[in-house]
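J.: What follows is the residue order along each chain.
Protein chains: 2
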Amino acid sequence: MNTKTLAPSVSFADVEAAAQRLRNRVVHTALIENAALNERLGARILIKPEVLQHTGSFKFRGAYNRVIQFTPAQREAGIVAWSSGNHALAVSSVGARLGIQATILMPSDAPVAKVEGARKLGATVRLYDRKTENREAIGTEIAERTGAVIVPPYDDPHVIAGQGTLGIELSQQATALEATLDAALVSCSGGGLAAGVATAIHALSPNTAVWCVEPEQFDDTARSLASGTRVGNPAGRQSICDALQVQSPGDITFPINQALLAGALTVSDEDVRQAIRIAYEDLRLVVEPGGAAPLAALLAGKLDIRDKTIGIVLSGGNVDADKFATYIQQP
Amino acid sequence: MNTKTLAPSVSFADVEAAAQRLRNRVVHTALIENAALNERLGARILIKPEVLQHTGSFKFRGAYNRVIQFTPAQREAGIVAWSSGNHALAVSSVGARLGIQATILMPSDAPVAKVEGARKLGATVRLYDRKTENREAIGTEIAERTGAVIVPPYDDPHVIAGQGTLGIELSQQATALEATLDAALVSCSGGGLAAGVATAIHALSPNTAVWCVEPEQFDDTARSLASGTRVGNPAGRQSICDALQVQSPGDITFPINQALLAGALTVSDEDVRQAIRIAYEDLRLVVEPGGAAPLAALLAGKLDIRDKTIGIVLSGGNVDADKFATYIQQP
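Each protein sequence line maps, in turn, to chains E and G.
Number 8 in UniProt numbering belongs to position 8 of the first sequence; there are no gaps in the numbering.
Number 68 in UniProt numbering belongs to position 68 of the second sequence; there are no gaps in the numbering.
Calculated from the structure, these hints are not laboratory results.
Just so you know, these numbers come straight off a predicted model, no measurement behind them.
Treat the hints loosely; a few may be bogus.
Heads up, the list lumps identical chains together, so a pair's fine if it works in one copy or across two of them.
[What the hints assert, rightly or not] With a cut-off of at most 35 Å between alpha-carbon atoms, the simulated DSBU-like pairs for lysine-lysine come out as follows:
(1) 302 / 120
(2) 308 / 131
(3) 120 / 308
(4) 131 / 120
(5) 302 / 323
(6) 302 / 131
Please put together the full structure from these sequences, using the hints given.
T.: Laid out in structure tokens, this is it:
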């Protein structure tokens with residue numbers, strides 16, 4: 001046992017403080033329950049639809065909680081951030097709302113909807129090549145040269161605490177329905193959402209098992225949890241989950257997830273396509289591949305949920321129409 | 001002025017009674033506000049997403065309010081109903097929940113998703129030819145032969161009162177946001193939703209103008225309001241709004257709408273396609289053509305809404321994936 005496990009860098013009090021900062025600033029997304037889906041899965045599924053959040057993903061929460069704590073000098077200097085898309089949109093929107101200039105680094109193969117969305121929100125977007133350029137090096141150079149403040153996508157205590165506010169809401173909304181969550185499932189890339197939600201749910205509902213869900217091809221957290229130490233993904237792997245492609249678990253997020261998660265599940269691209277299709281048919285929600293991973297895990301039978309009550313987060317809904325069109329049509 | 005205008009067949013007390021019957025039986029759909037849409041339209045748009053209702057449309061409300069009032073003998077005899085789809089799904093689901101057998105007449109060109117959905121819910125579906133058969137005659141014959149009770153799609157006071165519960169929620173939810181609705185827009189086919197919502201909003205928020213929205217090709221309510229008497233649509237017309245194709249306004253609904261509506265707006269198929277696309281991009285909601293008509297009217301500039309607060313109902317989200325795929329992709 002290491003000291004990080006004993007004293008995690010994000011406490012429940014940090015998440016509660018974030019919830020205070022975010023009050024009336026984020027969408028308090030209403031919990032959805034769908035009879036068709038419950039019947040399909042033989043369980044009670046309580047759905048947290050973060051596709052209805054500002055900019056279409058949970059990322060607004062963490063970005064807002066980080067940027068609202070900028071000093072006046074930092075506000076003047078601006079934001080620099082990197083992201084495959086949803087964090088970019090969130091940071092751009094937070095910047096626009098607070099009157100702070102944002103520069104965003106996005107991979108050149110990011111969904112057009114996400115790149116255009118960030119530009120429409122007033123951000124300066126600089127594209128980089130995922131294979132040949134290092135986004136952290138470029139971002140750090142910009143920060144050092146201009147004084148702009150880096151808002152990391154996940155490896156930051158304030159960002160993690162912001163994402164955790166979703167866990168407080170999920171837990172309280174379940175309680176309001178007189179439901180007790182046996183488990184809660186969230187998507188996992190760098191692990192910020194998982195760490196934040198696990199921190200909140202561990203405090204409010206300690207008997208709820210929190211699982212993270214990764215693409216099979218980017219199962220770094222699953223392998224890291226198994227081996228007890230952070231391991232990365234081999235180069236050259238691919239997944240339809242553009243939002244869940246990370247090199248390795250975060251330095252700050254991993255110890256929290258190691259301490260609090262029940263484990264990590266993995267899903268195939270075909271599992272994810274099926275989940276997007278079912279979310280379209282049963283829920284009438286637009287869910288992007290990375291956001292559909294928890295539903296994919298349930299539909300693919302990765303967890304024994306029969307007659308249980310399960311919370312899932314549909315974490316994002318930004319997907320180019322031509323791709324969504326292929327996902328929802330039967331193969 | 002006629003007696004129907006003086007004493008409408010559905011009172012606000014009827015809608016309130018329906019709301020009591022439906023408590024904890026329908027989804028109290030959360031009002032959605034979207035910054036991107038507000039900016040696009042230069043107005044504050046409060047969205048009632050009935051695509052998240054049971055069976056994916058507002059129709060569950062009216063069907064439930066009618067069927068829950070069956071006598072024991074009527075429950076035994078079963079339900080007969082006709083519908084292009086959403087009322088069929090709603091009646092099938094209500095029947096399944098209350099253990100009452102339902103027989104549904106649907107046009108042979110109804111969306112496959114709606115026909116299959118009704119069958120999956122346990123209803124007996126009988127297809128008829130929209131051009132050569134009269135669904136009301138077939139339904140009446142079944143009712144007379146078997147004793148089954150007809151649950152009409154709109155021309156029934158209990159059905160209208162049930163749909164009106166949505167108006168109560170919309171008004172109360174707007175008030176909770178300290179917003180005053182300048183106008184509210186709902187789709188219009190037979191006029192049951194419009195009549196119910198107008199009854200509720202007229203009582204709770206008398207300065208709110210309630211508009212109904214029709215396809216250009218099925219503008220029977222617009223022409224009926226203009227002429228002061230019910231007129232029908234010429235045969236052979238077509239629209240992508242499969243849910244909004246009616247022969248003429250209802251016998252019961254029209255006098256209510258005549259007394260309470262601000263007027264009727266019309267939208268083209270292209271207006272509707274644009275609205276479906278924007279709902280996909282900005283709202284991440286799946287909206288069917290008929291359900292997108294109010295948003296289509298706003299996007300097409302059919303009403304001066306600048307700096308106003310407008311409530312819209314997205315009334316349904318049941319649309320075959322191959323069609324939805326074409327709607328969301330730029331032409």
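J.: Does each hint fit the structure? Answer for all of them.
T.: Hints, verified against the model:
no. : hint      : result
1   : 302 / 120 : between (39 Å within a copy, 25 Å between copies)
2   : 308 / 131 : neither (43 Å within a copy, 48 Å between copies)
3   : 120 / 308 : between (43 Å within a copy, 23 Å between copies)
4   : 131 / 120 : within (26 Å within a copy, 48 Å between copies)
5   : 302 / 323 : both (25 Å within a copy, 32 Å between copies)
6   : 302 / 131 : within (32 Å within a copy, 49 Å between copies)
Hint 2 alone, counting from the list given before, is not met by this structure.
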